[in-house]
Amino acid sequence: MWEYTGKVLDHFRNPRNVGLIENPDGIGEVGSLACGDALKLTFKLGPDGRIADVKFQTFGCASAIASSSALTEMVKGRTLEEAAKITNQDIAEFLGGLPEQKMHCSVMGREALEAAIDNYRGGQGGKRVLAGKVVCNCFGVTEEEILRVVRENQLSTVEQVTHYTKAGGGCGKCKGDIQALLTRVAAEQLAAEQAAHARSPARKMTNLERIRLIEETLERNVRPALRQDGGDIQLVDVEGPRVRVALRGMCAGCQVSEFTLRDVVQSKLREFVCEDIVVEESP
Amino acid sequence: MSRVIYLDNNATTMAAPEVVEAMRPFWSERYGNPSSMHAFGGQVHRDVESARARVAELLGADPGEIVFTSCGSESDNTAIRGAAEAFGRRVNVITSRVEHPAVLGPCQDLAEHGVTVHHIPVDAAGQLDLVRLGEALREGPAVVSVMWVNNETGVIFPMEEIAAMVHAAGGLLHTDAVQAAGKITIDLQRVPVDLLSLSGHKLHAPKGVGVLYIRRGTRIKPLLLGGHQEENRRAGTENVPYIVGLGRACEMARAHLDDLPRLAAMRDRLEQGLLATCPDSSVNGDRHQRVSTTLNISFEYIEGEAILYSLSDVGICASSGSACSSGSLEPSHVLRAMGVPFTAVHGSIRFSLSRYTTDEEIDYTLAALPPIVKRLRAMSPFVPK
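If you're matching them up, the sequences are chains A and B in order. Throughout the first sequence, residue numbering follows the numbering used here, covering 21 to 303 in sequence. Throughout the second sequence, residue numbering follows the numbering used here, covering 208 to 592 in sequence.
These are computed hints drawn from the structure, not numbers from a lab. You may find that some hints are simply not true.
[Stated by the list, open to error] Residues of chain B clear of chain A, computed beta-carbon distances all greater than 12 Å:
1. S209
2. F233
3. F247
4. F294
5. G433
6. R469
7. S489
8. R582
[Claimed, not checked] Calculated pairs, DSBU-like style, for lysine-lysine (alpha carbon to alpha carbon, straight line, at most 30 Å):
9. A:K64 with B:K592
10. B:K581 with A:K75
11. A:K96 with B:K414
12. A:K105 with A:K75
13. A:K27 with B:K581
For glycine and all other residues, C-beta sits at the position ideal for the given N, C-alpha and C.
Can you build the whole structure from these sequences, using the hints too?
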């Protein structure tokens, strides 16, 4: 049995706002019978522009029903701008958390809400249209959706992506593609982080922080390239701006090691750590 | 927890009180090692052999053909890997698309090591396609592993016919009979399978003990090495209390075979009652070739896990073939292999009875389930107006 919170069970046993609003202002439908869960969300706005009434119909497991019910409670009385800011994490948090394998239920809620708001704003007929490249054919999940969920939930493994979007949970053939998307997001985030670091000289780094950042930069930005050629690098010492390293494996004694040190190691360290760094090879 | 109506006996069963009682002395009183050279252990050896004889009797086998294992999965793994290895030359493996994971797993592993594995399909009723089996058998020497009774639908495969086909083609036949023991009469004199797996906890013995039947003369490489126990067929000191319990459970299962018509009547009453009170419901599996204790029924437009949680709230235990209740995202491979539409697979519920099931429990379930189905359907976007 899943470890559902009391709140999940309460919303499953006593779901709020079940039904279908006649002549709704917005309607959103996601999922399908084949996928194993589906949600139809309808809402009506009040004269003040706030969601006055909202109802759902859900085909799915206990947590899918609970997530839908929670969503209706969360959006009632809000403006569409406010409602549009609700993330799948907000839904999960409202319920006191969901088992990770069930996070896709909260994503389904957020998607239905978006589809309904889109529909109100004159978008599609309320049915979510698959836009862009489809990654998972079994469950019809697109690259765009995966990238968004990965970013919003800070996901780092393929298994997590499956828990959150179902992608990869069928035949499994798209797992390589999902990994590639994860790698892409991780690279983006790292670059953004490092750029932020480099651009904030406001506070002087302590020596420890500086050594740690040098190690991190070697690990992320230098080592992978060296490993491809069968080499490796080791940090030997840091003394002021002078960073002493030792080249290992195929890199040791390599004729172009001087180039490697200056144009790869030094330039990366200057880019991500500090502009006055000088790299020396340890004998 | 208050009242429990246990209709999930294909998942596991209650250990019979008589079984627990039979096991009791073997913890702290008769704890000797059956292999020891003293009377204290020697007596325990006789108890193990007496249990072996009781298991053999349930199967119509010779006690020397019974090997105790730790569970049905160990028996399946030993049988499939052991037989394939013992074959020595290039051998094909033939199994079905509706097997238990304990069979599909080792078959998959062999396939990854270059063995050709055929998965024989089933028809809409869950019956094995014997024509396809015949075709696969013509492709060369084969180790065949097909279940006797399906765990999800209760469908019984024609094992006598299958055995004749496999042997005519020079193959070796293993059957996972975990769901068959105690639910149909098994006579291995009449149905000459070569290897058969059995699990204790499916027939009112405790979890943690199983049997591999190895027909005399069948060559098989053991999985566990390093001990002379079980005539060198399975190393490891015998799990004496559980073996004794399994012996008692098999003895009782044999005595209770007469009980099956009563269970079938209860199951049929549940089936007919639910079909009558819940529109858009249908039974999965061959109703004419099915064990007396299993009912697999689909309720359209709603999802199995939601049904199970609602049943659990009123104390009823059952299972589902839906994706969510399986812990994966894929619904039952058995129902999918039968071509049951996704809609019906997601809303499938399995009820499995035992000799401890009462008429009153069936009444209770018949009263409890229709309102649950109705409530969930009122929430579903798919119910036609």
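Quiz item: Since F294 (chain B) was said not to touch the interface, does its Cβ keep a gap of more than 12 Å from each Cβ of chain A?
Solution: holds (31 Å)
Quiz item: Going by Cβ atoms, does R582 (chain B) stay more than 12 Å from chain A at every point?
Solution: At about 9 Å from chain A, R582 (chain B) fails to clear the 12 Å cut-off, so the statement is violated.
Quiz prompt | Pairwise hint evaluation, K581 (chain B) against K27 (chain A), where the allowed Cα distance is 30 Å at most | solution = holds (23 Å)
Quiz item: Any Cβ of chain A at or closer than 12 Å to S209 (chain B), or is the non-interface label fine?
Solution: holds (16 Å)
Practice problem: Mind checking the alpha carbons of K581 (chain B) and K75 (chain A) for me, to see if they're no more than 30 Å apart? | Solution: Holds, at about 18 Å.
Quiz prompt | Hint consistency between K64 (chain A) and K592 (chain B) [alpha-carbon to alpha-carbon, up to 30 Å] | solution = holds (22 Å)
Quiz prompt | S489 (chain B) and chain A, when compared Cβ to Cβ, separated by more than 12 Å | solution = Holds: least Cβ distance 15 Å, greater than 12 Å.
Exercise. Against chain A, does R469 (chain B) hold up as non-interface, every C-beta pair farther apart than 12 Å?
Key: Its Cβ never comes within 12 Å of chain A, the nearest being 31 Å, so this holds.
Quiz prompt | Pairwise hint evaluation, K414 (chain B) against K96 (chain A), where the allowed Cα distance is 30 Å at most | solution = violated (50 Å)
Quiz item: Going by Cβ atoms, does G433 (chain B) stay more than 12 Å from chain A at every point?
Solution: Since the minimum Cβ distance to chain A is about 36 Å, G433 (chain B) lies beyond 12 Å and the statement holds.
Quiz item: In terms of Cβ atoms, is chain A entirely out of 12 Å range of F247 (chain B)?
Solution: holds (44 Å)
Quiz item: Regarding the pair K105 (chain A) and K75 (chain A), is the alpha-carbon distance no greater than 30 Å?
Solution: The given pair, whose Cα atoms are some 19 Å apart, holds under the 30 Å limit.
Violation of the numbered hints given earlier is confined to hints 8 and 11; the remaining hints are satisfied by the structure.
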